[in-house]
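S.K.: Chains as they are written, first to last, in this note's numbering: chain A, 1 to 507; chain B, 1001 to 1795; chain C, 2001 to 2280.
If you are wondering where the hints come from, they were derived from the structure by calculation, not from laboratory data. One should not assume that every hint holds.
Which residues of chain C face chain B? A few of them, derived with a C-beta cut under 10 Å, are [what the hints assert, rightly or not]:
hint, residue
1, R2007
2, V2011
3, A2156
Calculated cross-link-like contacts (lysine-lysine; reagent style DSS-like; alpha-carbon spacing at most 25 Å) [said to hold, decoys possible]:
hint, chain 1, residue 1, chain 2, residue 2
4, A, K457, A, K396
5, B, K1103, C, K2091
6, C, K2091, A, K445
7, B, K1446, B, K1461
8, C, K2172, B, K1110
9, C, K2126, A, K390
10, A, K104, A, K179
11, B, K1016, B, K1054
12, C, K2232, A, K448
13, C, K2232, B, K1141
14, B, K1110, C, K2027
Glycine included, each C-beta is placed from N, C-alpha and C at the ideal position.
Okay, here's what each chain looks like letter by letter:
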Amino acid sequence: MADEKKKELPEDVKARLKAGFDLDWRKELRKSMPAKERTKIPRQRMPERPAQVRNADFFEVNQGLSAEAAVLEAKRCLDCPNSPCVTGCPVAIDIPSFVKLIEKGEFEAAARKLKETNSLPAICGRVCPQETQCEEVCTMKKAAGAPVAVGNLERFAADFEREKGKVTIPKLPPSTGKKVAVIGAGPAGLTVAGDLAKAGHKVTVFEALHAAGGVLVYGIPEFRLPKKILEAEVDYLRRLGVELRMNFVVGRTATLDDLKAEGFSAFFIGTGAGLPNFMKIPGENLVGVYSANEYLTRVNLMRAYDFPNYDTPMLIGKHVAVIGGGNVAMDSVRNAKRLGAEWAAIIYRRSSVEMPARIEEIHHAEEEGIEFHYLQAPTKFMGDEHCRVKAMECLKMELGLPDSSGRRRPVPIPGSEYVKEVDLVVMAIGQSPNPLIGQTTPGLKMGKGGNVDVDWKTMATNLPGVWAGGDIIRGGATVILAMGDARTAAWEMDKFLKNDGKPSAQG
Amino acid sequence: MKITIDGRSIEAQGTKTVLEVAQDNGIYIPALCSHPRLAPYAACRLCVVSIKGKPGFQPSCNTYPAEGMEVVTDSEELRLQRVRTMELILSEHPNACLICSEKADCEDHKASIRKSAEVTGCVFCSSNRRCELQEIVVRLKVDSIPYSSVYRGFSVRRSDPFFIQDYNLCILCGRCVRICHEVRGAAAISFMFRGSQAVVGTMFDRSLMAAGCQFCGACVDVCPTGALAERVGRHEALPDAEAETVCPYCGVGCRLVVETLQGRIQAAKPAEGGVNRGQACVRGRFTLRDVVYSPSRIRRPMVKKDGKLVETSWEDALAFVAGKLKSYAGRACVVVSSQLGCEDLFVLDRFAREALGAGGAVPSLQPSILDGLGDLVKAHGLKTPHRASLADLPGSKAILVLGENVPVSHPVVWVEILEALRCGAKLLVASHKDDLLTRHASQSLKIRPGSEFYLLASLSKVLLESGSPQAGSGLKGLDGFKKSLEKLPASCLADTAGLQEEEVRRLAEALRCCGPIVLVFGQGLISMPWARENLAALWDLAVLTGARLLPLAEESDLFGAWLLARRKPSGAPSLETVLRAATTGEIKALYLAGPAPLPEKHGLEFLVVQDSFVNEACQGADAVLPAATFAEAEGHFVNLEGRVQKSEKVIEPVGEAKPDWWIASHLASRMGAEGFGYEDAGRIKEQLDKEGLLALQEEGEAGFVPVTAPSGGPERAAEYPMVLPGEYCPDYYRTLALCQASPDFKVLRNPRRLKIGPEDAAGAGLQDGAKARVESSSACAAGPGTARVKITGAS
Amino acid sequence: MSKIIRRERLVPNLHLLEVSAPEIARKCLPGQFVMIMPDERGERIPLTIADWDRDKGSVTTVFMTVGTTTHKLARLSAGDEVPVFVGPLGKPSDIRNYGAVLCAGGCFGIAAIYPIARALKEAGNKVITLVDVKAGYLLYWEDKLRKVSDRFLVSARDHKFETKDYVPAKIKSLLAEGAKLDRVVAIGCTYLMYSSCEATRAPGIKTVVSLNPIMVDGTGMCGACRCAVDGKTKFACVDGPDFDGHAVDWNELFARRKSYLDHEMKSLCYWERTRLPVCA
């Protein structure tokens, strides 16, 4: 999947960009300040709450740019003719347009522009790994050493519209009467629901848990993505006419065929990667060894940090080791710190360079007093007489040849074991796709890693009228990639539904 | 007399039953319905023994030894008889776990807390592993029950505070009913229905609250099963440690055993020995845990930085306070609560005098009954009349109680009074309202509030006129006393108190009986401007009738504070003068180690609060220092009898709280005063003993004190027509009101209610439960006092 | 939100809860369970499905009052709504004609065994039902179970019924009598299932147990319910809850079930003191 970013933009997208570029107000704006001056403006720092204060509560870390800082930051964008940033974005958001609208001060228009191509801007602005996507190819990175803060601007526009402006509902076309079933209310599901609802279809989202958002509600903690932002986005979908049915497990409560019988003519599978991976090493089932999913679900979805006001209990560790180096690991270890861990550390088998987590998250974690132990991996966990984990044995590693993902494979150094006292361990070593949909949908073609097999151009599965996208086809990946798949799938499903059910040109 | 039990010859008196004699000599006889403080009941028939010459089996709990009696307590038929009885008892009690074959390894396989809603077996019960039934089943090796168990299906009663009642577990041993009737006198519960329907209950099946229960917890303590279980610790594991402390609330000084689990207080139970003989009251029994772990506990020292209290370390706080106080030497005062231990009071007093140059530590409860008596001793060089102890009450013949609601303010004293009434003593009550006290009184006089002096003086007058020979002859100051009595205007003696001549004569008659008399009085007697006159009249009546005085000290260490204050040459100023000086600005710094009604606007420049709980004074304070409570520090308390008792340290201090003496001594040494290097409370106690501060030596000889009529009649009566007598009840610990600490206590005693006569209520346009406005004549009400007030309906 | 049709106290500590859930009633099979959450602040707990009415669209479960959540469920009444009632979860029980099957159930397991016994009876098995209760007054659904069993035995500690001894002892005495057992299904508390498996290990009779580990989401997403079954880590919520009792690592299950003992106690005390006020 790594090479996918450099793909050429489709012609229609290029045409739209060119049209925007040639607007007169865009021309004056470019002339109003020469490029040399724009490069002199420093990148605006995102205001954060002090580390020692924020690592003891669950309020949001980043405070968001002020209006002036946003306009100043927008001024740094050179509005390049070939707009490399758009190619960097998996969802091909028209970045120059919304950034220039911010520079002009029309924040609500910028938000509306964003929503044309991205239905969850407030969320992407916070959780997207911009530094490896749009901001990586931004010309300002080469020119002034620091790219334009596209993520912060995206977040600013979306927050502005939600808090101060009116969230406008686009005029819905007449209902097409076609019923669409979206399975899973994660980032992919919500995006498909939004796009198809705007296209006039009757969309019903089926969600197994009792809250919508998938990984956004149980995975990403409050201090990175406050629940009120997610609720606002979900409420926006409801006002678009999307019906959300909670506590409904497709595959158990009803299978795809049952839903077909109920009159649903198109399906989108967005059940995400819920199955936690384990290292299958001795002592992994000891009490106090959590999968990252369980640990984060208890804290974020079930609010176990407010026990006993909330009934779900939680083991509070004083010495917490989080195994893994991704965003999930970062969230888990920062949660452990907030819950009162004196020693909270990341144990990652590769080195800091290979860590997949966002640079900003790693930086925030370091500020909050998290220790990083690179080139190490646990070999076994030891428990006390109540089978409660009390220590783990780690093995030092060194980096060998790169593996299929292009990252160098860690090779254990024999005899380098050492024992570390821990009373809580979180296994954050990635998730695989949720097996349930595969087990209960006869005929659905599955890939080798348990993911649903799709045609990568149209996101269509081998079953007619059934698409899939997000982590269920990729394994544990990012929110933005899920939205990218969802966008493509929605576009295809719309075509499929418009010529009433005849299979469209299956690519 | 000599009796033989199982072949051992044992010396026994007639007063103890065979069961008690056996238990005293280490011979085990199972017994469920007997209890040392209760009369024999012989209901459970488990304690049967065979006595030579007597047919069948005799219950040893109500058989008294006779000369040469031979008792056999353990034989095969006796064991069989007891097992049969136990099987019958257990057939109506959820017995599944007692006889379950998997009992052995059930504990380590239990996978959940299992103390659930309705008890169907021991593992579900809160009394598991501390229940007398289990003990007897193990001793008698009962392993099967031939009858199908009967489950009566009562729902668990939750409608009362502090404890729940699950009468499915009740074996009808009657201990709770009997202790409520015989020892506590509340008689709130008794047996309802008869035969197989019998159950313990209240009249008309109303809640315990409605039935007059005082929630003393005596029934919960004597219940052999889990039928009565404390709500708070019901689901917790068994305690793993316990320590004996003195109850911090009132002056009785009950000894309590505080049970802890992993260093946290679980429950407090009355100790067997001590002043309270195994009894306690609702405050000591149920509220300790809520007070020590109250959310309003101050946990870290705080210092005011640009208008806001900020938490700091002990180092900075002490340095800041010491530095500031140094500049106010001579213009500062220290107020202390007399619920602190003697060590704390002693060091705080020395800190006030040596480091701050103030007169001494000012007790926050003023006026105090003990000071009043002390002043009379100093003024006339006489010995105070004989001081009564709780143990004297049961033996006394007449008890005169002056206007104190003893059953609510000092319940354990009331238990001893009830014991006396059972032994034939007469209870004489002079009070302005009807309550539990007047219902038990053989003679009860209704007097207008604040006119006790006239009653006491006329009683002495009647006793002197009747010329009984032994009335005070040959004692010092007798004729001085007689002359002062004549000076009193004869007519107003009776009618100002609203009494007829005849009633006073009958009361005097009762006091002339032979046998010990005890005069019980409390805060009510001295809470009006003419307190000294009241005490003088009481003193003389006591000397005249040879009665003993029992002062109901309202706070646990009031006696200790008085003993420590006694030796100082220049007494500390009174609380009222300190507060007035604070408002006018005469003193610039105030060190509050006790509750003090500080007015809103005051001229203080520096205010320090040293307390365990956050209170209003903290808002305006420049520094707040967390003090340890009684349970977190070792200390000595002197109860109302003058008995010095040790209170052990139960738990580690909560947060960074420190004992009061530690704070004061560190402050003092930082301010340059010497001799404050105490390592622990033991050192301070040694110094107290060395200087004999807590010893109570009384020189001088008995005698009379001249009496003067109370001056200062009813001033501004027109403007403030009514007199509002205060209700004196130690429902607080330092500055924390128990209603605020314990939600259950708030259900029992709501402090925000006013009791007013129906005509006065109609006059002020008030219905039951309406809001009322109270305006008092005295400018700053220094503590609860009898004040002239005007009561109107609040808008 | 799912509406409560009926909540009734069957016997002390055991309550029946009938919830209106048409989709679940239409699809559920014996051996499956639902996840329920009593209120917005509650926790999610699994309850085995005991009965259903497909046309009325109602699902019935029986639970025992142990911790805060079950105490809250026990205070619900008809017409209240619960925020979570999701299912049917887990793999249905393996119903085939095995010959003679012993269905053993203890306290809440009595209700859990009923649908399985009914299905086994319809599949033509000779069904022997053994119900274990602490005392006579704790037995419920006797008529329902009698209708679906060829032989119905009750073991109570207090002599009310034929036998007094616990499940394993009763199984041994049945085998001694020469009763032929091709399969045993045991559902109840962890100890009952564990001891039943020990009793049938020697004679080698396949014993199926419905494991009750602690769960959070119940749809295979969190791994809280993982248990070791013949050496491999399995998720009880998607791979189970039925497992071969002889392959289960019981010590690990006992330990994992005790992960939150102190929290359960603290939560129950907190709930009873703050949100169950004294109504004097």
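S.K.: The structure should be examined with respect to each hint, and the outcome stated for every one.
M.R.: Here's how the hints hold up against the structure:
1. R2007: C/R2007 check fails; min Cβ-Cβ to chain B is 14 Å, beyond 10 Å.
2. V2011: holds, 8 Å
3. A2156: At 8 Å from the nearest chain B Cβ, C/A2156 passes the 10 Å test, so the hint holds.
4. A/K457 - A/K396: Violated. A/K457 to A/K396 sits at ~42 Å, over the 25 Å cutoff.
5. B/K1103 - C/K2091: The given pair, whose Cα atoms are some 35 Å apart, is violated under the 25 Å limit.
6. C/K2091 - A/K445: holds, 22 Å
7. B/K1446 - B/K1461: holds, 20 Å
8. C/K2172 - B/K1110: holds, 24 Å
9. C/K2126 - A/K390: Measuring from Cα to Cα gives roughly 50 Å; hence the hint is violated.
10. A/K104 - A/K179: Violated - the C-alpha atoms of A/K179 and A/K104 are around 41 Å apart, more than 25 Å.
11. B/K1016 - B/K1054: holds, 19 Å
12. C/K2232 - A/K448: holds, 20 Å
13. C/K2232 - B/K1141: violated, 46 Å
14. B/K1110 - C/K2027: violated, 34 Å
This entry does not satisfy hints 1, 4, 5, 9, 10, 13 and 14, going by the numbered hints stated previously.
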